[in-house]
Amino acid sequence: KAGVTQTPRYLIKTRGQQVTLSCSPISGHRSVSWYQQTPGQGLQFLFEYFSETQRNKGNFPGRFSGRQFSNSRSEMNVSTLELGDSALYLCASSVGLAGAVDTQYFGPGTRLTVL
Amino acid sequence: QKEVEQDPGPLSVPEGAIVSLNCTYSNSAFQYFMWYRQYSRKGPELLMYTYSSGNKEDGRFTAQVDKSSKYISLFIRDSQPSDSATYLCAMIGGTSYGKLTFGQGTILTVHP
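As they're listed, the protein sequences go chains S and H. Quick note on numbering: my numbering labels position 75 of the first sequence as 394, and the sequence is numbered without any gaps. Quick note on numbering: my numbering labels position 15 of the second sequence as 17, and the sequence is numbered without any gaps.
Don't take every hint at face value.
What follows is a list of derived Cβ distance ranges for each label pair [what the hints assert, rightly or not]:
(1) S/G322 to H/H113: 45 to 51 Å
(2) S/F379 to H/D80: 20 to 26 Å
(3) H/D80 to S/S341: 27 to 33 Å
(4) S/G403 to H/N24: 38 to 44 Å
(5) S/P380 to H/P16: 44 to 50 Å
(6) H/Y73 to S/T399: 28 to 34 Å
(7) H/Q3 to S/Q373: 38 to 44 Å
(8) H/S55 to S/F379: 28 to 34 Å
(9) S/R328 to H/I109: 18 to 24 Å
(10) H/E17 to S/Q336: 44 to 50 Å
(11) S/R328 to H/A19: 40 to 46 Å
(12) S/R392 to H/H113: 39 to 45 Å
(13) H/S28 to S/G359: 18 to 24 Å
Just so you know, these hints were derived from the structure itself, not from any lab. All C-beta atoms in this analysis are idealised placements derived from N, C-alpha and C, irrespective of residue type, glycine included.
Make a model of the complete structure from these sequences and hints.
Here you go:
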């Protein structure tokens, strides 16, 4: 079974631009969660989607948004990029149950650098 | 104060040593506890998960949870150079969708 895939793997943008990252979950998984990983803050939860609906959201500004398609693929968008948005963005897919029996499998991440 | 505290290390041990990794947490709503391992330039991979106080063993790995003290541990026996990675503890509440709360991660190096 193929794992979680994320595209692109690396991205360089300048301040003020916007960016869209893509995540394809494991076949059969309907939940996709997004995380931001930085050296200072570690891994922080952005949001979770299930069946095209956002079910949970972390404490990030509205510049960070996401969506999920009917095939469970998900995209996240960051508008008006800031230098502090430079990070590894990880998505994780799972079946979609509440609680930890719903194991999350992570993709390799997209490394975003904002200049 | 962060909900989950983890000593970032780094931790350097000789091959064959027993490694102890620890996290403390403050949120009583956390019911499920996980340990992930992350190699450089890779996404985290799940090592173990537990949901009750006590020990759970899987090969060279033992996860320990003490809910009364809000303290979890991961022990690695007979550590190998291939265990060199960042180890992340993670937790989630029983009714929370998707939102894992992670510790800062501990960088472990096992030298031959």
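Hints, one by one, checked against the model:
Separation of S/G322 from H/H113 is about 30 Å and departs from the stated range, judged on CB atoms against 45 to 51 Å. A hinted range of 20 to 26 Å for the beta carbons of S/F379 and H/D80 is inconsistent with their spacing of about 41 Å. Between H/D80 and S/S341 the C-beta distance comes to about 40 Å, which lies outside the given range of 27 to 33 Å. For S/G403 and H/N24, the Cβ-Cβ distance of about 30 Å falls outside the hinted range of 38 to 44 Å, so the restraint is violated.
At roughly 46 Å, the beta carbons of S/P380 and H/P16 sit within the given window of 44 to 50 Å. The given range of 28 to 34 Å is broken by H/Y73 and S/T399, whose C-beta atoms sit roughly 41 Å from each other. At roughly 28 Å, the beta carbons of H/Q3 and S/Q373 sit outside the given window of 38 to 44 Å. About 33 Å separates the C-beta atoms of H/S55 and S/F379, a value consistent with the hinted range of 28 to 34 Å.
At roughly 22 Å, the beta carbons of S/R328 and H/I109 sit within the given window of 18 to 24 Å. Taking 44 to 50 Å as the suggested C-beta distance range, the pair H/E17 and S/Q336 conforms, at roughly 47 Å. Range check, S/R328 to H/A19: Cβ separation about 34 Å, and the 40 to 46 Å hint is violated. Range check, S/R392 to H/H113: about 42 Å between beta-carbon atoms, so the 39 to 45 Å window is met.
Taken as a hint, the range 18 to 24 Å holds for the pair H/S28 and S/G359, whose Cβ atoms sit roughly 20 Å apart.
The structure fails hints 1, 2, 3, 4, 6, 7, 11 (numbered hints given earlier, in ascending order).
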